[in-house]
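All chains, please: the whole structure from these sequences, using the hints.
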Amino acid sequence: MDLSCTPEEEEFRARLREWLGTVLPALPAAPPPDDWPGRRAYDLGWQRMLYDAGYARVHWDASPALRLIFLEETERAGAPYVGANFVGLLHAGPTIAAEGTAEQRARWLPPILRGEHVWCQGFSEPEAGSDLASLRTRARRDGDAYVVTGSKIWTSHAEVADWCELLVRTDPAAPRHRGITWLALPMDAEGVTVRPLRTLAGSAEFAEVFLDEVRVPVANRVGAENDGWRVTLVTLSFERGTAFVGEVVACRRVLAGLARAARGDGRWDDPGLRRRLGRLDAEFRALWRLVQWNVSAAEASGGGPGVAGSVFKLRYSHARQELYDTAAEVLGPDCLDLDRPWVRDRLSSLSYTIAAGTSQIQRTIVAERILGLPRGR
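Residue numbers (my numbering): 24 to 400.
Since the hints were made in silico from the structure, they are not lab data.
There's no promise every hint is true.
[Unchecked claim] Derived CB-CB ranges, DEER-like:
no.: 1; residue 1: A49; residue 2: P134; range: 24 to 32 Å
no.: 2; residue 1: R161; residue 2: P54; range: 33 to 41 Å
no.: 3; residue 1: R283; residue 2: D360; range: 16 to 24 Å
no.: 4; residue 1: P54; residue 2: H341; range: 51 to 59 Å
no.: 5; residue 1: D185; residue 2: P54; range: 16 to 24 Å
Each residue gets a CB set at the ideal place from its N, CA and C atoms; glycine is no exception.
If you want it as structure tokens, here you go:
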């Protein structure tokens with residue numbers, strides 16, 4: 024498989040790089056990590072700049088190769104991350120683009136691209152995290168609406184979201200994977216209560232969401248009733264396959280910073296540390312090539328990232344934790360100071376083997392769907 028760039032792709036890279044060099048120096052400073060209303064405004068403002076410059080649709084309408092170039096160049100240039108927009112841009116938006124009706128795409132996609140709406144993800148529940156198909160949030164049909172009751176947890180950016188990609192159980196009698204439906208929930212609907220959850224690092228980008236007889240129009244259903252698990256797998260393929268791509272570039276930048284810091288404080292003389300840094304460099308280079316292979320394969324087949332994204336997500340989660348464990352070694356006692364670079368990222372890295380499907384779940388997917396091993400009893 025040829026992973027080199029075409030002349031058109033290199034032209035896109037050069038044009039994007041020039042634009043970033045022009046606009047990034049003029050950006051205002053980002054708000055503090057725990058100011059999510061401020062982060063929402065900042066992230067939506069950046070998305071609007073991308074829209075006005077013609078780059079907003081790159082996540083959905085461009086080829087996978089151009090999406091990779093976009094993520095690579097924006098991350099290398101230190102451009103703002105998608106932040107509060109990540110569920111809409113990287114999860115819900117691509118799912119609606121792939122599975123929604125023409126009316127749904129026209130309704131929900133343009134506001135995401137223009138930086139007008141933030142989405143959150145209402146998948147996990149207190150007793151349905153890794154085993155997502157055991158979710159209990161109920162939705163009963165009442166005329167032209169579903170009446171939803173239940174709760175969600177670890178709902179990313181729910182406190183500043185306009186919409187939620189929501190999984191509900193519409194047929195309790197059906198086998199658990201077949202009685203689920205994917206709904207778009209307006210977060211200002213009557214009966215929705217949001218309670219922020221504070222993380223180990225002190226921020227509150229997650230929340231509990233409680234749903235008490237919330238009416239959601241049937242028109243907000245993406246896919247058929249009780250076909251939500253299949254639609255969810257589309258969402259998860261994007262979440263595991265491409266949502267972390269820019270972070271691979273970010274990790275390589277952190278790795279270079281660690282090497283500079285180690286040279287500056289004398290830790291570079293430790294051969295064990297140099298070996299770990301060298302191995303991590305090789306690891307992230309390989310992960311980047313794996314991403315290129317995955318998106319090239321998806322482009323050739325005309326589909327989404329598919330189950331190969333689980334291979335990437337599995338290894339990336341552990342590599343990221345190893346990277347920040349090494350950062351703690353380089354920082355020494357300063358690794359406990361939340362105001363130091365890399366410390367908050369180290370704390371957040373602890374969740375990566377859980378978020379977007381635990382490593383155990385990814386191993387099962389790889390074993391059954393890629394290697395063809397028999398399903399466990």
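Going through the hints against the structure:
no., hint, verdict
1, A49 x P134: 24 to 32 Å, "holds (25 Å)"
2, R161 x P54: 33 to 41 Å, "holds (38 Å)"
3, R283 x D360: 16 to 24 Å, "holds (19 Å)"
4, P54 x H341: 51 to 59 Å, "violated (31 Å)"
5, D185 x P54: 16 to 24 Å, "holds (19 Å)"
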